[in-house]
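Q: Residues per chain, in single letters:
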Amino acid sequence: MKTKNNPLYYILFIAIFAILLPAGYLSGLLSVNTISVWGRYFCFAIAALGIDLIWGYTGILSMCQAFFFCLGSYGIAMHLLLKKTVAAGAVLPDFMAWNKIDTLPLFWQPFHSFGWSLALCLLIPALFAFVIGFVLFRSRIKGVYMAIITQALTLAMWLIFLRNETNLGGTNGLTDFNTLLGYSLSSSSVKLALYMISFAVLCAAYFFCYRITNSKFGKVLQAIRDSESRISYAAYKVVDYKLAVFVVAALLAAVGGMLYLPQTGIITPGRMDVKASVEMVMWVALGGRGNLKGAVLGALLVNFLYSICTSLFPDSWLFILGFLFVITVLYFDKGFMGLLESIKQRFSPTRFKTPQTTH
Amino acid sequence: MLMCCLLLLPLKVAAQDSASIYTAQLLQPPNDSVRTQAIGRLAALRIPATFPLLIAINDKKLYLLDHKAVTVDSKPTGEGTYRLYSLYPDNILLTNSSGQPLLLPLSALQTVDIPRADRLQLAGIAPLLNLFSNDAQKRILAYTQLKNTGDSATLSILQAALAKESNADARRTGKDVLYAARLYSATSTAAAKAYIDSIGDNWSDNAPVLLRNYAKAGFLNQETAHYAAAQAISLEKRYDSLQRIQNFFSGLSLGSILILIALGLSIVYGLAGIINMAHGEFMMIGAYTTYCTQVFFTHTLGIPQTDLFFLAALPLSFMIAGAMGWILERLVIRHLYAKPLESLLATWGVSLILIQTARLLFGDLTAVKTPQLLSGGWQVSPHLTLPYNRIFIIVLTLLMVVFTYLMLYRSRLGLQIRAVTQNRQMSACLGIETRRVASITFFIGSGLAGLAGCAITLIGNVVPDMGQTYIVDSFLVVVTGGVGKLAGTIFSGLGIGFFTKISESFFQAVYGKVFILVFIMLFMQYKPKGLFPDKGRVAED
Chain G
1 MKTKNNPLYY
11 ILFIAIFAIL
21 LPAGYLSGLL
31 SVNTISVWGR
41 YFCFAIAALG
51 IDLIWGYTGI
61 LSMCQAFFFC
71 LGSYGIAMHL
81 LLKKTVAAGA
91 VLPDFMAWNK
101 IDTLPLFWQP
111 FHSFGWSLAL
121 CLLIPALFAF
131 VIGFVLFRSR
141 IKGVYMAIIT
151 QALTLAMWLI
161 FLRNETNLGG
171 TNGLTDFNTL
181 LGYSLSSSSV
191 KLALYMISFA
201 VLCAAYFFCY
211 RITNSKFGKV
221 LQAIRDSESR
231 ISYAAYKVVD
241 YKLAVFVVAA
251 LLAAVGGMLY
261 LPQTGIITPG
271 RMDVKASVEM
281 VMWVALGGRG
291 NLKGAVLGAL
301 LVNFLYSICT
311 SLFPDSWLFI
321 LGFLFVITVL
331 YFDKGFMGLL
341 ESIKQRFSPT
351 RFKTPQTTH
Chain L
1001 MLMCCLLLLP
1011 LKVAAQDSAS
1021 IYTAQLLQPP
1031 NDSVRTQAIG
1041 RLAALRIPAT
1051 FPLLIAINDK
1061 KLYLLDHKAV
1071 TVDSKPTGEG
1081 TYRLYSLYPD
1091 NILLTNSSGQ
1101 PLLLPLSALQ
1111 TVDIPRADRL
1121 QLAGIAPLLN
1131 LFSNDAQKRI
1141 LAYTQLKNTG
1151 DSATLSILQA
1161 ALAKESNADA
1171 RRTGKDVLYA
1181 ARLYSATSTA
1191 AAKAYIDSIG
1201 DNWSDNAPVL
1211 LRNYAKAGFL
1221 NQETAHYAAA
1231 QAISLEKRYD
1241 SLQRIQNFFS
1251 GLSLGSILIL
1261 IALGLSIVYG
1271 LAGIINMAHG
1281 EFMMIGAYTT
1291 YCTQVFFTHT
1301 LGIPQTDLFF
1311 LAALPLSFMI
1321 AGAMGWILER
1331 LVIRHLYAKP
1341 LESLLATWGV
1351 SLILIQTARL
1361 LFGDLTAVKT
1371 PQLLSGGWQV
1381 SPHLTLPYNR
1391 IFIIVLTLLM
1401 VVFTYLMLYR
1411 SRLGLQIRAV
1421 TQNRQMSACL
1431 GIETRRVASI
1441 TFFIGSGLAG
1451 LAGCAITLIG
1461 NVVPDMGQTY
1471 IVDSFLVVVT
1481 GGVGKLAGTI
1491 FSGLGIGFFT
1501 KISESFFQAV
1511 YGKVFILVFI
1521 MLFMQYKPKG
1531 LFPDKGRVAE
1541 D
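In order, the protein sequence lines correspond to chains G and L.
Residues 1 to 359, numbered by this note's numbering, are exactly what the first sequence covers, in order.
Residues 1001 to 1541, numbered by this note's numbering, are exactly what the second sequence covers, in order.
These aren't lab readings, by the way, just hints derived from the structure by calculation.
Misleading hints may appear alongside valid ones.
Subject to a maximum C-alpha distance of 25 Å in a straight line, what follows is the list of computed SDA-like cross-link-like pairs (lysine to any residue) [said to hold, decoys possible]: (1) K1060(L) / G1124(L); (2) K1527(L) / T310(G); (3) K142(G) / G1124(L); (4) K142(G) / M1521(L).
Turn these sequences into a full structure, and let the hints guide you.
A: Given below as structure tokens:
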């Protein structure tokens, strides 16, 4: 059931974010902060693509994507902090000195080098995802059970990251960086560059996910979602497929996290608490799951709404979000994209064409 | 001892007489220097009978009533009047003719002004005076200050204070000091052993250290030193085993809270097949109902200091949380029965709304005052206290488990609930009104959560996001126990409760939690459907 791809969406998307926004900044209409904020939303959108792959296409509700996101962020943060510490002539980051630690913990050592940091930022989440996925999928834990256990896992990790003994900054997290590969993070041209990089990575991630979902592999994933037992009777190794997509989703989340960090300049365990992890899933639900465009759109829209609402009426954001959750789930099963599709269907002359089913 | 008393007796009588003279001089001094001298003499005499008087001087609470010295309570009774105590020769509560405590305002009393310089003469015997203070905390401090005194006069005063001691902790501390002093001055092996035994029986916090120090110093002889060391070890062993019982009890109470929350969750989940993320918020609603009941009782009805509100709050929190659950089922969940993952998100949205509503209504932190009946604890032995509020929670859980069991397995409604849990369509075909059953189940499940919230106000604050603290844990209980299984919920709730507490004594709390999670994940490897899985065809998807 291949849908005809309407290039209009892509053209509009690229025109707005790759041309209009940077142009607005260069002509002085937009502040560099706006650019940076949208750069951050792109990172969320990258993670949302991963969630869409695992939840929208495979039907596994994983609540630990926020944790993978944070693993990516923390890895880069450790590198930046070490660079700053070495440049200042110190041996230990400030917070460790405050916690009365005298030697750099072993797991911080590899993060001196940028290359190693990048590799570890991807390897560690992938490894985590592999182990967790292997244990869970092998015992055929699925559906709600899967959601609860991954949620509990995120909670446990959150608790660990909150502690000072973990040597990752505790509740305050890691913050106060100045340079990335020698470029000052506070300069506006670096911010613009990071924005453009995030955008490019988002486009690449989208293309990658698009290829996956339209490949044979992607079809098997959707078959798992629609009827897991049938596809396993057809001699497909369901566990392997699930495991693969789980690792890919974790990697996407980690990439999002890695790009997110230099643009916000702070990472705290708050990014992976229960609320954050459910919210990430909600982006996809609101945008339209089983639909890659929906995932991207959902992440961008919810976060944009968040920044507007928290500045205009801070008390009501949770109300708005809560009602959005309920209404979306009750009435707009396919999210925002589903709503667009149904509106389009109503007004298009070919209204008797079978609509795309996303179950 | 007796000899000693007999010898002291004439002396004591003489001292008593002079104390009376000095007291009289103090209260009606011909001039200031006589008063100064009288206070100095009284301080030097150190007669316990005069201590109440000296304390009154020290605290500037000395008054005259009909030319007799009296003092007052530290706090007035309701209407600005005070209870009065006579000071010398005896220290008793004054009563009026009908035997009721005599209550007078301060204006009815004549204040006796003692200059500061005179009061300073008492500084040297302040610890001794404090032994007779009305404040138990002060007395405990005074006992510990006297720890290393060996002189017999002080010890006899200490003994006099102990004879009057009413507070158990203070008595234990005091006896410890007394026995220790006697032990160090003991001259025979038998006497030393007897004092070591007394210290062991008394068993204060300090006892093992004290005995070890004695053993190390090697007073008297080798035998007593060994005896003291052995006694210290046995005390420590007993302490450890009591600690283990305390841990066991904590595990039991944590487990019963988890059961109380998970009970409702499990029924609802089993019946509707949906994850109710707002379940923790029903608990929060129950807690706020309790808070509101308290406010209503104390402020609106104007009944202060009563436990009645809690009795009223128990059924109220059940009803209100249940009603909210019923509304939620009607408005949202009814439309989502076939979609477990969607309902998870929708109920999460509901929980966000509820939390924010609570925050706007009540602010960030409120607390319910523990009913007087449930404050304190049952002191099983010196180092083992089981708090009443935790015992209450355990009993409440027990009752609720029995109630749920009867409801599920011994009533028509329960039969219907179990039928719908097993197969919704088939039950509908057989004439069960599945929608009505679902509503009632939701009512009961949410009500149980509300009751849990009411119980939790006994041990913690009431905050808008309190539900979130327990929700993941209680989901773990449901997952481990198996969905909709009463026995599974009980076993896994208790198991997780105990496990948490036990692992907390080995690791820190956080790592304990991680440890439990890993354990559950491994457990699910070979029991993916929980502790008590369905057998046969029901087990199929």
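Q: Run every hint past the structure and note whether it holds.
A: Comparing the hints with the structure gives:
1. K1060(L) / G1124(L): 17 Å, holds
2. K1527(L) / T310(G): 45 Å, violated
3. K142(G) / G1124(L): 76 Å, violated
4. K142(G) / M1521(L): 13 Å, holds
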